[in-house]
Each structure stands twice: as C-alpha cells, then as structure tokens.
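Trainee: Residue-level listing of the chains:
2 protein chains.
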Amino acid sequence: MGNVVIGQSGGPTAVINASLAGAIRCAMDKGIKKIFGMHHGIDGFIKHDLIDMDEYLVDVNDLSLLKRTPAAFLGSCRYKLPKIEGNEDLYESMFEYMDEMDIEYFLYNGGNDSMDTILKLSEYAERTGRNQKFVGIPKTIDNDLAITDHTPGYGSAAKFIGTCVKEMICDNESFAGKDPRIVIVEIMGRNAGWLTAASALARDTDCTGPDLIYLPEVNFNIEDFLARMDKLIKTKKSIVVCVSEGIHLADGTLVCELANENALVDAFGHKHLSGCGYSLFRLVADNFGINPRVVDLSLLQRCATHLASRTDVEEAYSAGYIACETAISGESAKMITLRVPRRVPYNCFYEATNIADIANIEKKMPRSWITKDGTNVTEDFIKYVSPLVIGTLPPYYVGGLPRHMTLRNKRKEIY
Amino acid sequence: MGNVVIGQSGGPTAVINASLAGAIRCAMDKGIKKIFGMHHGIDGFIKHDLIDMDEYLVDVNDLSLLKRTPAAFLGSCRYKLPKIEGNEDLYESMFEYMDEMDIEYFLYNGGNDSMDTILKLSEYAERTGRNQKFVGIPKTIDNDLAITDHTPGYGSAAKFIGTCVKEMICDNESFAGKDPRIVIVEIMGRNAGWLTAASALARDTDCTGPDLIYLPEVNFNIEDFLARMDKLIKTKKSIVVCVSEGIHLADGTLVCELANENALVDAFGHKHLSGCGYSLFRLVADNFGINPRVVDLSLLQRCATHLASRTDVEEAYSAGYIACETAISGESAKMITLRVPRRVPYNCFYEATNIADIANIEKKMPRSWITKDGTNVTEDFIKYVSPLVIGTLPPYYVGGLPRHMTLRNKRKEIY
Chain A
114 MGNVVIGQSG
124 GPTAVINASL
134 AGAIRCAMDK
144 GIKKIFGMHH
154 GIDGFIKHDL
164 IDMDEYLVDV
174 NDLSLLKRTP
184 AAFLGSCRYK
194 LPKIEGNEDL
204 YESMFEYMDE
214 MDIEYFLYNG
224 GNDSMDTILK
234 LSEYAERTGR
244 NQKFVGIPKT
254 IDNDLAITDH
264 TPGYGSAAKF
274 IGTCVKEMIC
284 DNESFAGKDP
294 RIVIVEIMGR
304 NAGWLTAASA
314 LARDTDCTGP
324 DLIYLPEVNF
334 NIEDFLARMD
344 KLIKTKKSIV
354 VCVSEGIHLA
364 DGTLVCELAN
374 ENALVDAFGH
384 KHLSGCGYSL
394 FRLVADNFGI
404 NPRVVDLSLL
414 QRCATHLASR
424 TDVEEAYSAG
434 YIACETAISG
444 ESAKMITLRV
454 PRRVPYNCFY
464 EATNIADIAN
474 IEKKMPRSWI
484 TKDGTNVTED
494 FIKYVSPLVI
504 GTLPPYYVGG
514 LPRHMTLRNK
524 RKEIY
Chain B
114 MGNVVIGQSG
124 GPTAVINASL
134 AGAIRCAMDK
144 GIKKIFGMHH
154 GIDGFIKHDL
164 IDMDEYLVDV
174 NDLSLLKRTP
184 AAFLGSCRYK
194 LPKIEGNEDL
204 YESMFEYMDE
214 MDIEYFLYNG
224 GNDSMDTILK
234 LSEYAERTGR
244 NQKFVGIPKT
254 IDNDLAITDH
264 TPGYGSAAKF
274 IGTCVKEMIC
284 DNESFAGKDP
294 RIVIVEIMGR
304 NAGWLTAASA
314 LARDTDCTGP
324 DLIYLPEVNF
334 NIEDFLARMD
344 KLIKTKKSIV
354 VCVSEGIHLA
364 DGTLVCELAN
374 ENALVDAFGH
384 KHLSGCGYSL
394 FRLVADNFGI
404 NPRVVDLSLL
414 QRCATHLASR
424 TDVEEAYSAG
434 YIACETAISG
444 ESAKMITLRV
454 PRRVPYNCFY
464 EATNIADIAN
474 IEKKMPRSWI
484 TKDGTNVTED
494 FIKYVSPLVI
504 GTLPPYYVGG
514 LPRHMTLRNK
524 RKEIY
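Residue numbers (my numbering), protein chains in the order written: chain A, 114 to 528; chain B, 114 to 528.
Take the hints with a grain of salt, since some may be wrong.
Identical copies carry no separate label here, and so any pair may be met within one copy or between two of them.
[As the list claims (entries may be wrong)] Simulated crosslink set (DSSO-like; lysine-lysine; CA at most 30 Å straight-line):
| id | residue 1 | residue 2 |
| --- | --- | --- |
| 1 | K496 | K485 |
| 2 | K291 | K193 |
| 3 | K146 | K477 |
| 4 | K160 | K291 |
In short, the hints are calculated from the structure, not lab data.
All values reported here derive from a predicted model rather than from experimental measurement.
Kindly generate the complete structure, drawing on both the sequences and the hints.
Mentor: Shown next, in the form of structure tokens:
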C-alpha cells in the first residue's frame, strides 16, 4: 500500500475539515504510512507543496479538534485542471510526482467543479495504465451536486441560516410597535436556491418565519413583489424577506443589476454590484417610503462552525472515511454519494458513484418544492431539509472562544 | 406590596430577556401578586398596553426558555419621555394608571437614554409625594454606560464578534494562496469602540487576529491606513480589518461619508450611507487594485442568543433579580451597576447606584486601552473583556433550531 494525498477545493464549509478528519482516520486505521495534504488544493499539488500530516497530528484525539475547525485547514483553491489534450506534460509531471512520493490514493474534497479534477486525473491514469486511485468527497454549502441526496456542508449552512433568520425575526418584531420594519436578508446561491430555502426552517409555533422567500429557480417579478409588499405593509408590523443573491427577472437580468446606477466601480474598473438586497431596498424605498434594513449573511454562512449541525459533521466525516476506504479497496473515478432511503426516522447510506455522472453538473431545487406563486417553499422541502440540521457539535472553547486547529499549530512547536 | 411592571427599551441584546426572567423570578420569590410587562416599553405603558405575564408563564421553568430567547420579548421602543415641566398632564396620567393597576415597582431595562425614563419618573414621584419605586436595569451591547464595570449584553456581543471574526479569518486564510485577500468587517458602535475592540479576542495561538482595528475613539487617518495596508499587502496573503461604524477623520467627517457619491438615495430623499466598510473598499480598490470583501455583522451581533456568553446571561439575570429586590426593599431612582473587584479569578458584585450619575452619560474606551498608533487594543483591554465571554448557555433545540418564547406563545392557547 502506498501513501494517501488529500486536497480541499472551492469555497470552504463549516464541516470540510470533518471530511479531512474522516479520511485521515481511515488511513490510520488501514495502516497507511504517510498522509499528505495538498497545500491549497491541486494548485499546491502541482507546485509540489504538500503538508505532512504527521507534523500536526500526534494522536487520533487531534482529529476531534480538526472536526471543530472551520474553513479549509489545508488551504483551498479554485484552480480547474486544463483538458488533457495538449497538456500531457502537466499530467505526466503530476503522476511522476505521485510516483516520487509513493502516492497511491488521491482524495479530493470539493463541489462539482472540483470533481472535474478527479474525472480528468482518473481518465489520464486509465489511458496511461497508472495504478493510482482517485476518489472525490462531496462538499458544498450550495447543495448543488448531482445524484447525492445532499452534500456535506449544506446542513450546517442551513442550520445557521435558519437560526439567524429566526433570531433576526425576533429582533425585528421587538421594534414593531409603530411603522412597519422591513429586513431583507441576502443569502448565497447564484443558480440554486437551496440555502435561501433553508430560511423557512425559522417557521414554527414560536415564529412566523420569513414573509417572502425568493429563489433563482423562479423568475423574479417586480410588480408581483411590490403588490405583495403593499399587502404586507398594510397588515404586518415586522416583515422579513429572504432572497438568493442570484435572483433574476424573466429576461435574465440579475436583480442585483437593477440598482446599477449606484454600483461602486471596483479595482478593475468594473461596476461592483452591491447585491440584490440593495436593489430591493431601492424598490421598497421608492414605492413605499420605508427604508428596509439589508443584511448580507456573507462569509458567515459558510464558516460558522460554532453552530454546525451534528448530523452534517458526522456525515462529512463518514464521507471522508468511506472515500479513503473506497480508494484503498481499489476503486477509482468515483465520488461518495449520500442516499437517504427514509427521512423519518432518518437513515443515510454512502455509495461510490461514477464521477462522470457528477462532475460539472448542477442540481437545482425541484420546482415542485417551491410554492406555485414562487414566494415560498413547500412542506416537502421542509421534510427534506429538517433531518440535515439536527444536533450540535459544540466547539472546544478556550477562554470563551472556539479553539481551532490551524497550520500555525505545528505539533513539534507545541510539544 | 403592590404589583411590578417591567419594560424593555432601546436596541435588543442577546440577553435582555434574561434580565426580564431575573426580575420575574424575584417578584415570584417575594410573593408579588401581578407582574406586568410593558408592550413596547414606556410608549406602550403610556397607551395602557400591558402584558399580563401570567398568560405566558405557568411555572418557573418557563423562565429558562425566556433566558434563551433573543431580542425584547415584551417589545422595545426608542421613545424618550419629554421633560416634566409643561408635560405634567402626561406624568400625572402615568401615575394615575400606576395607581389604577396597583403598580408599586417600576423596572426599566435599557441603555443610557432609557435610564432617563427612570430619572424623570422618580423625580416626578418625589416632587408629588408618590410612593412608587423606580429602578433601572442596565442593558446595551454598546457597553457605554457610566459607573458600571460593563453592561449586560456586551459580553455576548463580544463573544459573537470575536468568534465570527476568528471563523472568518480561518475562511480567508483558506484561499490565501495567491493574491492577498482582504476582508473588512464593519461592527456596530457610533461613538464607542467596545464592540469592535472585542474582535481582538480572535487573537490566540491558533489565529493572528485582525490585522488592524479602528475605533471611533481615535481619529482615522487615510494616509496612515494606506501605508499600513501597503505593508500588509506586501507581507501577508490574508488581511482582516475590523472597523467601528462610527470612525471619523480628524475634522469629524465620518468615514462612511467618504464614498458618498455612491450612496443610495433613501425613502426620504436622504443619501443612505452604505457604511464605512464601503469607504474602505473604495480606498483599497483605488490604491491597490484589490477588491476587498466587506462584511457587516449587522443585526446578528445583537440577537445571536445561540452563542450567548453564560457569564453575560447569568449577570443579566442577576441584574434583573436585584433590580426588583432593590425596588421592593424601598429604594428608588437607582440603576443596578456591576462592580468587578478582581478579574482573575473573576468576581462580580451588584450595587444600586443613583440614576442621576448614569442617565444620558456615554462611556467610551479608555485611550490607554488602544495602542499608541490607534490600530489595535492593548493587553489591558483583553484582560478586561476576557472574563465577560466565558461559558455558553446553549439554546433549547427543537428540530435542530433554537426554540424561543414569544408573544405568539400564550400559555392558555397551549395547555
């Protein structure tokens, strides 16, 4: 048995390091000699920039801290490998480096763009008769990977979004004595509305939940929005609207482009769009004489490990473990997918699926999980998402703040 | 013994309801017959809009849920009583209503503006020989009340800010492989920098902490900022800058006004400033050709009860309890202040201080707790803030999301 190398790619999640911990634990269990991390994904691998995990892990207990650490411990990248044809030199040099480091198992943790790396490397290995095995571990808060029931990272982001929206509704209602108070919450999601849909989790006996939810899967209609706001303003004192950053009109115009005249010009002379939240601010201010508050959940929705879903952490860990096991068992060109045969009581199974069926494919919210009028989600979606947000895995608190495991903490320097 | 009335005022905090729970618990312990809540503070009281707490609390266990509920359960307001002279009718009618409802103890939970309510009502009572007692309970995330060592609400906001900044630094470092990545975090605080200063809690063996911290107590110097950024960009790949919303130049110009040409015109025809974060975006983009990411912690910093500091929750509860006890013991025109004779090990005592020494006074960060160059905080500040963020009081999770106690949950309708 050769060594294992693992990389993290694309936007981090609250649980991406749990997958890393799972893969490492499996490699330890199977007696793998060396576990390497790619420093900043495939980009670092190409530059021969590897991290020797021995320098950070002295025993398996360290994995518990890694599981509770946000963002990509190894460093991430957004580099996509060029096509094989015409770039054989690059591929050849990568495989030579694998041989040099005695790397037999190559694991890559990322979204649909990152799975393209597994696809290309495994194709090249097959063509050239290499024996290395390539397995992908799913990861994205966007939940837009094909075949898998859901992706590790989504459950924690959904829990954070649902919780924060619920807390902000409480806050907004506190003041709702006189004029209506309007909060517009902008949530990540360019093409798929999974994250914004999770704001509906706030709805329960103690909370109305968001009044309107707009997803990119449905065209945004300005007149319809204004008519609904008009009705809400006349009947409610606290109004909360949740919107995906990528909502657009029927002609494809992004809503964030509507307030374009106010856009900042950025460092490259491009208009820097201030987000669809500000376009809705504009519409509400101009039509109703009320200034809404715009809240952008921004980076927090993908790195708030302090509120990770335990279900999500454990599934991320399991996906990492099983990916490593799958590679060691001799399979290649696979990604681990999650299958949920039943949601109540909840059961989740892990399968190895052909990478070609997953890479570069984007899964959107089914239209049937969005209400007909396009301003809310259905009970079926709530049934889908609910088990994914169950449980917490509290951080290890030191001095009141979560302790993390970072590249700053080389064990040799501590012990 | 007459009845108790309690009101919540000003911007909510993560623990304002813990003070409400403490006051209610004391009233129960002392055998008070009726506990009324003001629906939206003094504004609701004037309108005779009271909430009978019997309708929400069946036993003391409900107080545990109330302690874990963000924002103002009773509803808040920003109404300031007019001066007594010339408004005797208003004051007389308020006292008549107290007589009518047999209210003897009047508790008000708020910041320095709200303490003005306690000051004026107790003055009027003294002038007119009324026997009602008026006691204030401190509350504000801004930590800007005089005399008290700190204010309930601040510790939880500090814990949330420190934690989120630490998580975002992790996230930003994940990508720091190529060009420098810059995040600008905008934090509440118009005149006092206590909240932004708490971002320094992120600094530890596992995290560099913010690279620059700008508070309103020190004039912001554009040239100095650019020189520091230039140095950071040349030496670091991940740069995080934390700024108070109220930072200003030496001539008093708010930094948020600098990017004014891009301001949205709001519902009242005023320029709607997009925040000092965007002014710094502008400066960095224009001078270095890099687009920073601007993150505004917005409402979350005052309502993220899911990450409340246990120390803060218990102190808020105690302050509420002792305020009620103080009023019942016959004292009036007081606010409960916290005294911390020693920070290691931490001890906190509660005292009743004359309201006239507190109302309408704003306490800023001591200049000596800010580094000489004005871009960081000192160890003395860290020693001050550290004990305030210790411990957690996890929410009651139902279906993966925090359960709250809201006005929607009348007990008669549940049981």
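Trainee: Of all the hints numbered above, which does this structure not satisfy? Sort the numbers upward.
Mentor: 3
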